[in-house]
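**Student:** Sequence:
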Amino acid sequence: MRSAGLLAGAAVVALTVGACASAPGPVPGVGASPSTSTSASGIASASAATPSASVPRGTPGAAYLDVAYASDDSVSHRLDLYLPTTPGPSATVLFLHGGSWAIGRKTMLGGYGALRDALLARGYAVASAEFRPSTSARFPAQLDDVKAAIRFLRANAGGLTLKPDTLVLAGDSSGAHLAQLAALTGDDPAWEGTVGTTGVSTKASAVVSFYGVSDLTRLTSDQDAAGCQFDAATTGVLITLLGGDPAGAAREEALRASPVSHAGGARTPMLLLHGTKDCLVPAAQSQRMADALRAAGTPVQLELLPAGHDDGAFYTDQVLRGLVLPFLDRTLG
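FYI, in mature numbering (1 follows the signal peptide of the UniProt record, and there is no 0) the residues of the sequence shown are -21 to -1, 1 to 312.
Calculated from the structure, these hints are not laboratory results. Source: prediction; values computed, not measured. Don't be surprised by glycine CBs; every beta carbon is placed ideally from N, CA and C. Incorrect hints may appear among the rest.
FRET-style restraints, in silico, Cβ to Cβ [said to hold, decoys possible]:
(1) 231 with 273: 41 to 49 Å
(2) 51 with 180: 18 to 26 Å
(3) 230 with 256: 25 to 33 Å
(4) 227 with 39: 13 to 21 Å
Produce the entire structure from the sequences given, and follow the hints as far as they go.
**Tutor:** Set out below in structure tokens:
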């Protein structure tokens, strides 16, 4: 019998192989303060060379990289913030990357970059945050970090030229799981954690979920039903995240960590995008989430595409400008 550690390692490889196509990488043009240098996408960039609790001043068109959202200087507690060229204050979209809760980076390249650029062109500010990997901290550490990033952006909205009351959560795969869960537990004292700034609202205005994990207790059975062969690897990922087998000792924790279990929580409108050919996170996950949200009276839009996991089809103009932006414009008014 293979150990849980080996299963977890196999799981990370299996569940992130598709993500490599749009895996984040370095962003060129980083300076110590706002400047006229630009990234490959033409975005003026700036950086906190030594992450700290200091907050940059919002400059239209700038990108602030590696900004610390907690004062511990952890590399897992940093975010990048991209501002539109139009003067603020701007509504903000906080993006959470996928990677089995264990790997991945906040740098927005590939499909992530296309999403960022579409949002910036529409006048939204875009933030992308790191969070502690499950290999070094079990759940709910990842959610605690997301809540801290939300509080940081909201607490410093004035200086960053952001709208404090308009913050959207977005993510893909495991990052979409965190986006859904953070929104549904917004301002719930049992789910706020103590990372970074406290005493600030974590309510979200909307969620955009790309092929997200919504039900940890049924992920492997959904894979079976879809004819996929990732059960052992998936179990390893969840053991690493939860500290036990979601079908055994950690079942209660898996239920607690599943967004679908909180569908009756905060009534945050959601756009759920999923591929009907997804074998890693089958579309049944988003379908079940949509059903639960509708039953709770929460506005939800489910869009199924003939695509696989982390497919480039999700980041085309047809989807971004035809589905994502209209959803946000309509929801945020």
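**Student:** If a hint holds in the structure, say so; if it doesn't, say that too.
**Tutor:** Evaluated hints:
no.: 1; hint: 231 with 273: 41 to 49 Å; in the structure: violated (26 Å)
no.: 2; hint: 51 with 180: 18 to 26 Å; in the structure: holds (22 Å)
no.: 3; hint: 230 with 256: 25 to 33 Å; in the structure: holds (29 Å)
no.: 4; hint: 227 with 39: 13 to 21 Å; in the structure: violated (53 Å)
Going through the hint list in order, the structure does not satisfy hints 1 and 4.
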